[in-house]
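K.L.:
Just so we're aligned, residue 1 is where the sequence shown starts under the numbering used here, counting upward by one.
Among these hints, one or two may not hold up.
Ranges between beta-carbon positions, derived for each pair [said to hold, decoys possible]:
#  : residue 1 : residue 2 : range
1  : 51        : 330       : 41 to 51 Å
2  : 224       : 16        : 50 to 60 Å
3  : 167       : 311       : 28 to 38 Å
4  : 341       : 195       : 36 to 46 Å
5  : 22        : 224       : 55 to 65 Å
6  : 9         : 61        : 26 to 36 Å
7  : 180       : 78        : 33 to 43 Å
8  : 315       : 72        : 49 to 59 Å
9  : 27        : 178       : 16 to 26 Å
10 : 178       : 353       : 42 to 52 Å
Since the hints were made in silico from the structure, they are not lab data. Small disclaimer: the values here were computed from a predicted structure and weren't measured. Every residue gets a Cβ at the ideal spot worked out from N, C-alpha and C, and that includes glycine.
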Amino acid sequence: MNIFHTCTVQQPRATLNRIHSLTHFLVILVLFYYRITRLLLFTGDFQVSRFPWILMTISEFILAFIWLLTQPFRWRPVSRSVIPENIPKDINFPSVDVFICTTDPKKEPTVEVMNTVLSAMALDYPTEKLAVYLSDDGGSAVTFYAIKEACAFAKLWIPFCIKYGIKSRCPQAFFSKLSDNERLPRSEEFVAEEEEVKVNYEEFKRNVEIFAEQEENSRVVHDRSPHVEIIHSNWNIRENNEDQADLPLLVYVSREKRPSHHHRFKAGALNTLLRVSGILSNGPYILVLDCDMYCNDPTSARQAMCFHLDPQLSQNLAFVQFPQIFYNISTNDIYDAQVRSAFKTKWQGMDGIRGPIFSGTGFYLKRKAMYGNPNQDADNLLLESYKKFGMSGEFIESLKLINEQDVARKKKSLYAFLQEATLLASCSHETNTRWGKERLDICLSLSQEAMLFRMLSY
Numbered sequence: 001m002n003i004f005h006t007c008t009v010q011q012p013r014a015t016l017n018r019i020h021s022l023t024h025f026l027v028i029l030v031l032f033y034y035r036i037t038r039l040l041l042f043t044g045d046f047q048v049s050r051f052p053w054i055l056m057t058i059s060e061f062i063l064a065f066i067w068l069l070t071q072p073f074r075w076r077p078v079s080r081s082v083i084p085e086n087i088p089k090d091i092n093f094p095s096v097d098v099f100i101c102t103t104d105p106k107k108e109p110t111v112e113v114m115n116t117v118l119s120a121m122a123l124d125y126p127t128e129k130l131a132v133y134l135s136d137d138g139g140s141a142v143t144f145y146a147i148k149e150a151c152a153f154a155k156l157w158i159p160f161c162i163k164y165g166i167k168s169r170c171p172q173a174f175f176s177k178l179s180d181n182e183r184l185p186r187s188e189e190f191v192a193e194e195e196e197v198k199v200n201y202e203e204f205k206r207n208v209e210i211f212a213e214q215e216e217n218s219r220v221v222h223d224r225s226p227h228v229e230i231i232h233s234n235w236n237i238r239e240n241n242e243d244q245a246d247l248p249l250l251v252y253v254s255r256e257k258r259p260s261h262h263h264r265f266k267a268g269a270l271n272t273l274l275r276v277s278g279i280l281s282n283g284p285y286i287l288v289l290d291c292d293m294y295c296n297d298p299t300s301a302r303q304a305m306c307f308h309l310d311p312q313l314s315q316n317l318a319f320v321q322f323p324q325i326f327y328n329i330s331t332n333d334i335y336d337a338q339v340r341s342a343f344k345t346k347w348q349g350m351d352g353i354r355g356p357i358f359s360g361t362g363f364y365l366k367r368k369a370m371y372g373n374p375n376q377d378a379d380n381l382l383l384e385s386y387k388k389f390g391m392s393g394e395f396i397e398s399l400k401l402i403n404e405q406d407v408a409r410k411k412k413s414l415y416a417f418l419q420e421a422t423l424l425a426s427c428s429h430e431t432n433t434r435w436g437k438e439r440l441d442i443c444l445s446l447s448q449e450a451m452l453f454r455m456l457s458y
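Between the sequences and the hints, there should be enough to build the whole structure, so can you do that?
P.N.:
Here you go:
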C-alpha cells in the first residue's frame with residue numbers, strides 16, 4: 001500500500017522539552033513546600049505577615065496551574081510530511097469547495113479579496129472537482145463587480161500559471177518582489193505572455209479601483225434580500241468549445257440580512273455557504289480562507305488529500321490545518337506578529353496529542369464533520385432532518401450524496417438549483433432549526449480562540 005504521509009516525533013526537541021518541564025515542575029514543588037511550611041510558622045507577632053504571604057502563594061499557584069496547562073503542547077511535538085507523488089495518477093479525487101468570506105470593502109480592500117479568489121481558483125487540482133464560493137456579507141456593489149472582473153482575468157491568469165508551473169498563483173504576490181525568481185526570463189514566449197498578463201492585471205485593478213471610488217458602490221448594505229449568482233460554470237460545456245476557459249465553478253453569495261435577525265457574523269456566513277454549496281457542488285471537503293489569506297502553495301489541496309485519503313486515518317480525521325504565513329513583517333518582530341509561538345511551537349505539540357485547534361483560515365474540513373459525527377450513517381444523520389436542517393428538500397437530499405456529488409449534477413442543470421440556493425441564503429430558513437445552535441457554532445470565535453490560546457500559552 002502506498003504511503004501518502006509520514007509522522008515523526010521531533011528530536012532532540014521533545015527530550016529537551018521533557019527535561020525542562022520535569023525540572024521546572026520539581027522547582028515548583030520546592031517553592032510550594034517552602035510557601036506552605038513558612039505559612040505554618042507564622043504565629044504571634046507574625047500574624048500581620050500571614051495575609052500577604054497567602055496572597056503571594058495563591059498567585060504563584062495560579063501561575064503554576066497556567067504553566068501546567070501548556071506543558072502537554074511541548075511533551076510530544078511531531079512533524080508531518082506528505083508524499084503527494086504516491087497518490088495514484090488515475091485516482092478520482094474528491095471535490096473541494098472553497099469558502100472565502102468578506103464583509104466591508106473599505107476595511108478589506110476589494111482587489112486583495114479578489115487576489116485570494118484568484119489564488120483559490122488556480123489551485124493545482126482537477127478543475128471539475130473545484131468550486132469557489134465568495135460570501136459577500138456586506139452586499140456591496142463593488143465586490144459583485146470585482147468578482148466578475150476577476151473571473152474575466154482568470155481566463156488568462158490560470159492557463160498562464162498551469163503552462164509555466166507558477167507557484168505564486170496570487171497575482172499580487174507574483175508581480176511583487178517576493179516572486180522575482182519566478183519571473184526570471186525563461187523564453188521569449190514567457191516574457192511576452194507575462195507582459196500580457198501583467199497589463200491585464202493592472203487593467204483589472206484599475207477598473208475595480210475606479211468603480212470603488214464612488215461611495216455608493218462601496219457601501220455596506222445591512223438590510224437586503226439574498227443574492228446568489230453563478231459567475232462561472234464549467235458544467236455542460238461542449239468539448240469542441242475552445243473559447244470556454246477551463247475554470248472552476250465560481251459562485252457569488254450575499255445572504256439575506258435584516259435588522260430583526262441576528263446574523264452571527266462569520267459563523268452565519270459559513271453556515272449559508274455550507275447550505276448553498278450543498279446543492280450546487282456538494283464537495284465532501286471544504287477549504288476555508290480569510291479574504292486576506294491567499295493560497296501560497298497551489299498543491300495544498302493535494303497535500304491535504306494525502307491525509308484525508310488515508311483509509312487508516314480518514315475515519316477519525318475532521319480537518320487538516322495549514323499554518324498562516326505572514327509577509328512584510330518587521331525584522332524586529334518583538335510582539336510576534338507572525339504568531340510563531342503558535343504555528344511553529346504549540347501547533348506541533350498539539351498535533352502530537354490530538355491535533356491543533358482551528359486557526360480560522362487555511363484548513364481543509366470534512367463536510368460530514370459539520371453535521372455531527374463524520375462516521376454516523378445516513379439514517380442517523382437524517383433523523384428529524386427537517387427540524388435540524390430546515391425545510392429544503394434539495395438540501396436534505398444533498399446530505400445523502402456528500403460522497404456522490406456527481407449524481408446530483410446529472411439530475412438537473414446547475415442553474416435549476418439557483419432558486420433553491422437563494423432560499424437557503426435567506427434569514428427565514430434558519431427559523432426553528434438547529435442552524436446557529438449546533439451547526440458551525442465553533443466558527444463564532446475562531447480568531448478570538450486563537451488569540452486566547454496565545455495569551456494562555458506564555
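K.L.:
Taking the hints in turn, state whether each one holds.
P.N.:
So, going through the hints one by one against the coordinates:
1. Here the CB-CB span from residue 51 to residue 330 is close to 45 Å, well matched to the stated 41 to 51 Å.
2. Range check, residue 224 to residue 16: Cβ separation about 56 Å, and the 50 to 60 Å hint holds.
3. Between residue 167 and residue 311 the Cβ separation comes to about 30 Å, which falls inside the hinted range of 28 to 38 Å.
4. For the pair residue 341 and residue 195, the supplied restraint of 36 to 46 Å holds, since their beta-carbon distance comes to about 43 Å.
5. At about 59 Å, the beta-carbon gap between residue 22 and residue 224 stays in the expected band of 55 to 65 Å.
6. At about 32 Å, the CB distance of residue 9 to residue 61 agrees with the hint of 26 to 36 Å.
7. At about 34 Å, the CB distance of residue 180 to residue 78 agrees with the hint of 33 to 43 Å.
8. At about 24 Å, the beta-carbon gap between residue 315 and residue 72 misses the expected band of 49 to 59 Å.
9. Range check, residue 27 to residue 178: about 45 Å between beta-carbon atoms, so the 16 to 26 Å window is missed.
10. Residue 178 and residue 353 have their C-beta atoms about 34 Å apart, which leaves the hinted 42 to 52 Å range violated.
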